[in-house]
Amino acid sequence: METIIFNNEHLFIGNLGHFAVVLAFVSALVSTIAYAFSVNKNDDALKNLGRWMFYIHSFAVVLIFFTLFFIIHQHYFEYQYAYQHSSTELPVYYMISCFWEGQEGSFLLWMFWHAFLGLILIRKAGSWQAPVLAVIALAQVVLGSMLLGFNIGDFKIGSSPFQLMREHNPEALLIPVLEKVGKANYLQIFKDGNGLNPLLQNYWMVIHPPTLFFGFAATIVPFAFAFAGLWTRRTKEWTIPALPWALVAVLVLGTGIIMGGYWAYESLNFGGYWAWDPVENASLMPWLLMITATHLLLINKSTGKYPVLTLVMTVFSFFMVLYATFLTRSGVLGNASVHSFTDLGLSGQLLLLLFLFIFLTFALTFKKRIHAWLYFLIGFLAIMVLALVDFKTDTFVISVIGTIIFLAATSWFIYNLFKVYGTNIETDKLYSREFWMFVGSMVLLLSGFQIITMTSIPVFNKLFGTSKASAGPDYYNAVQIWFAMAIVILTAIGQYFKYKQSDVKKVLESIANSLLVAIILAVGALFLFNIWKVEYLLFLIASLYAVTGNLHYLIVGLKGKIKVAGGSIAHVGFGLMMIGVLVSSVNKKVLSVNNSGTGYFAETTADGKVDQTAKTNNKENILLVKNKKTMFADGKLRATFRNVSEEKPNKYFEVKYDVLDEKGQIRDSFILKPNSQNNPKMGLISNPDTRHFLTRDIFTHITYESSMEEQVEKEFENFATDTVRIGESFPTADGNRQLTLQKINVLEAPGATQRLHLQAEIIVSNLGDTFIARPEFISEDQIRFKESVINQAGVMVLFDRVIQDPNDPKSMLFVISSATRKPIMDYIILKAIEFPYINLLWLGTFVLIFGFTLSIIQRFKEFRRREAKA
Amino acid sequence: MKPVHIVIIIVISVGLALGVSFYGDTSKYVCFAEADAIALEKPDMKLHVVTTLSKTKPQIYDPQTDPNYFEFYASDTTGMEKKVIYRNAKPTDLEKTDKVVLIGYTRGDHFEAKDILKKCPSKYEKK
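Chains A and B supply the protein sequences, listed in that same order. Going by our numbering, the first sequence opens with residue 1, and the numbers climb by one from there. Going by our numbering, the second sequence opens with residue 1, and the numbers climb by one from there.
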């Protein structure tokens, strides 16, 4: 085979990247082994080796990161990653977003955060360092393998971000254009990359993914402490260091999720911040399990109760992150999500990542090491073989066997855990905080369970050959409102009880008092928010109760000591968020209700009339013709589409809004500029613009615009000739436009010459718009006409001749011909939605984040005090 | 029986109830022929149909007359073609999609799509 020397390639940087990938993988592997043996042998030298290897590993991860960034920044399009995800036009601050457009980049980001957390834990984990770091290093080995990009026969291990474009896609070198410049000079042709997905070119998309990934990554820390607790049989102590990290994971992951919601609200056009899309759910599932685990950790730390459940929830939160990664990265979601993800063929490795950690954890519950290893090897191998075969062949029997094995393994794990911890549950008292927190945790778990099962429907379909579809938002909302209601109530009730035993009378008194306040407030809020449905009203009272109850406890119970009040503050924030969610979604109102021009295609009843009760009719999009004032929202709003301006690649549509009072006077005016981007790769992307008021948001986006329609000038039709007087109105032949002859201007009268030049002024009205047509009639040696065409109304008018009125010789009649065609005009189709009180949601978010931060500080201090004592 | 046992029993029963109800309630992936059959018994049950757009058949979207009416043809995985009415603005990037998931029900001679999920393979992938 001939070898071609390719010109202008920068191979050194890619080789450096490859080297860094291999170095990261090997050093993580050595670190894992060294740390693991140091745990079992209690050997400091091995521990040091493990630590140094982790330093080297972290360095290698950073090196991969910089190498890849350098390639993107220098526009080395010979590399597949740069070619596919960036372009020369891309500003530097969006180059960072290229990392999370590709899967390799997002694995890298995940590894980066793991390495970061590992470095902190080396310093801060104290006596837990070796086992905890062993776990993190092992995760790095598996994640690192995703970037290796080795092929062993047909089997692919990982996908390298440093692959050359011509290796990834050899056909690229076969394109005919290359014959001119020669294959060796292929880079003269491939001068620019594919570019970044325009949806990612948004400032929220620069910070949302790293935050979310930090949250995902952080779940490994509480897991690692639980794992270490089982491993070293410090089965009671692990909760103390795990708690603050669980809080960190909940806080960061929660912030990441909310950021995603805010981004969706500000820049996507589905009109909301949450759509129960599988990809959104995939981030919510681990969060719900982690928040459950956090509450159980709190109980366990204070009372030692529910140790098995605490451990199970902690480890399953991490498993859920791995499972969610599998869901979103393996292509199994298929038709269920509006997000599309390419399958890099890493499904096998993703399953390995998931089952490796699950079976290692399960194995730790065996007393004898040999049993643990046997269990692990058999269980892990069995499930991996079954899963891989099943993934390829979709065999029903294998699915059933695999599911049974998995359920049996999980049950065995829990059974073993009860043996480790002893099964005697202390008598728990109804009037204790731990009991009510436990109840709350169970509700959170159920809520999570519902979301997990619904989101996993595509997985069940794949396993068992069913064809269930994922449920829509309504289904989730209908179920989740009841869980949310129970949760907000419990946040307030739980606080009043003390751990172990409390004074029942006092507690009930406080509960009753704060509930009363909540009900009184709810009566007021009822009118303010306009909420009249029973379940919503109950939810409103419950959420208000979370706010009043927790505030009351903060002031009376904690005497306003902010430092220890993290929990209460977070609960207040959650209550506010729930009120915001309730009010903004229940009273979310489409303003752009279209009542004109409808009915043409509406559903009809049996006798052919428009069926006003038809459920299928939608009037949510409204036509705005350029410069024409259009009223909507029952006359409370008036919008005018005024202008289009282009800032490549975006097109901005300037829409002026007037807020009107009852008398039709303008109270307020503002301009919104929703934009659209006609992307060659993705078609038209419409981005909304929102006007924020204190008590409501007005959200607007373009659903269609005139330049998308092929507006060809059609032939005129419906010709008619009318003989009329001045001031007379007459319809066009198709009956859709009204013409009125207003007056006749004499431009030139016969005098010096024989020339007669007349102009008719004809008012043309179409769909409430009026235009003036001015056809002319000229009589010299021959007669000429100048027709007048009004494109916006699709009308042509001719001034044919003047005749004497046969009935009244003194007056004149004018003969006017007209014809019509489809009007050509500039217009936009717009959708406007009002979100009332959505600011409560954002306010609640900030309060929640503040509360979590306080808790984290408090719990880290606690851990440091413990370690200092020990 | 201790309170904790009661809670555990409640949790398990609610969990089971959710599991059972989700199996009964949720929509299914069907083809047009199945959707027609189901519509006879449960006219308002929303179903999912995976389709491809019939690009040669005419589409009707005349926003100046009614911006909330879009009519097109699509064929399901069995190859059966049907008229689809989507009472909303025409989805902007429909021409670029190769697979369209329709969510809705059969009504007379056509399929009423209440929702359209588009799959754009081009989103993250070239070509």
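Read the hints as simulated data drawn from the structure, not as lab findings. Glycine residues also receive a C-beta, built at the ideal position from the N, C-alpha and C atoms. Do not take every clue at face value.
Said to hold, decoys possible - Take a look, some chain B residues computed to stay more than 12 Å from chain A by CB distance:
| hint | residue |
| --- | --- |
| 1 | Glu34 |
| 2 | Ala37 |
| 3 | Leu40 |
| 4 | Glu41 |
| 5 | Lys55 |
| 6 | Thr56 |
| 7 | Lys57 |
| 8 | Gln64 |
| 9 | Asn68 |
| 10 | Phe70 |
| 11 | Gly79 |
| 12 | Met80 |
| 13 | Glu81 |
Claimed, not checked - Where chain A lies over chain B, by a calculated footprint (3+ residues, C-beta under 8 Å):
| hint | stretch |
| --- | --- |
| 14 | 12-20 |
| 15 | 43-53 |
| 16 | 88-96 |
Hint check:
With 12 Å as the threshold on Cβ separation, the claim that Glu34(B) sits away from chain A is violated: the shortest Cβ distance comes to roughly 10 Å. With a least CB separation of 15 Å from chain A, Ala37(B) remains clear of the 12 Å interface cut-off, as annotated. The beta carbon of Leu40(B) is kept farther than 12 Å from every beta carbon of chain A, the shortest such distance being approximately 17 Å. Here Glu41(B) stays apart from chain A, with its beta-carbon at least about 17 Å from theirs, past the 12 Å limit.
Chain A leaves Lys55(B) outside its interface by the beta-carbon criterion, the shortest separation being 14 Å against a cut-off of 12 Å. Against the 12 Å criterion, Thr56(B) stays outside the reach of chain A, whose nearest CB is about 17 Å from its own CB. Against chain A, the non-interface label of Lys57(B) holds: every CB pair exceeds 12 Å, the least being about 17 Å. With a closest Cβ-Cβ approach of about 7 Å to chain A, Gln64(B) is found to fall inside the 12 Å limit, against its non-interface label.
Taking the minimum C-beta to C-beta distance to chain A, about 5 Å, the non-interface status of Asn68(B) is violated against the 12 Å cut. Not every Cβ of chain A is farther than 12 Å from the Cβ of Phe70(B); the closest lies at roughly 9 Å, contradicting the non-interface assignment. No Cβ of chain A comes within 12 Å of the Cβ of Gly79(B); the nearest lies about 18 Å off, and the non-interface call holds. Distance check for Met80(B) against chain A: the nearest CB is about 16 Å away, which clears 12 Å, and the non-interface claim stands.
Consistency note on Glu81(B): stated as away from chain A, and its beta-carbon is indeed over 12 Å from all of that chain's, at 19 Å minimum. Counting residues of the stretch 12-20 of chain B whose beta carbon lies closer than 8 Å to any beta carbon of chain A gives 4, which reaches the threshold of three, so the coverage claim holds. Residues of the stretch 43-53 of chain B lying with their CB closer than 8 Å to a CB of chain A number 5, which satisfies the three-residue condition for coverage. For the stretch 88-96 of chain B, the proposed coverage by chain A is satisfied: 8 residues have a C-beta within less than 8 Å of a C-beta in that chain, meeting the threshold of three.
Checked against the numbered hints given earlier, this structure breaks hints 1, 8, 9 and 10; the rest are met.
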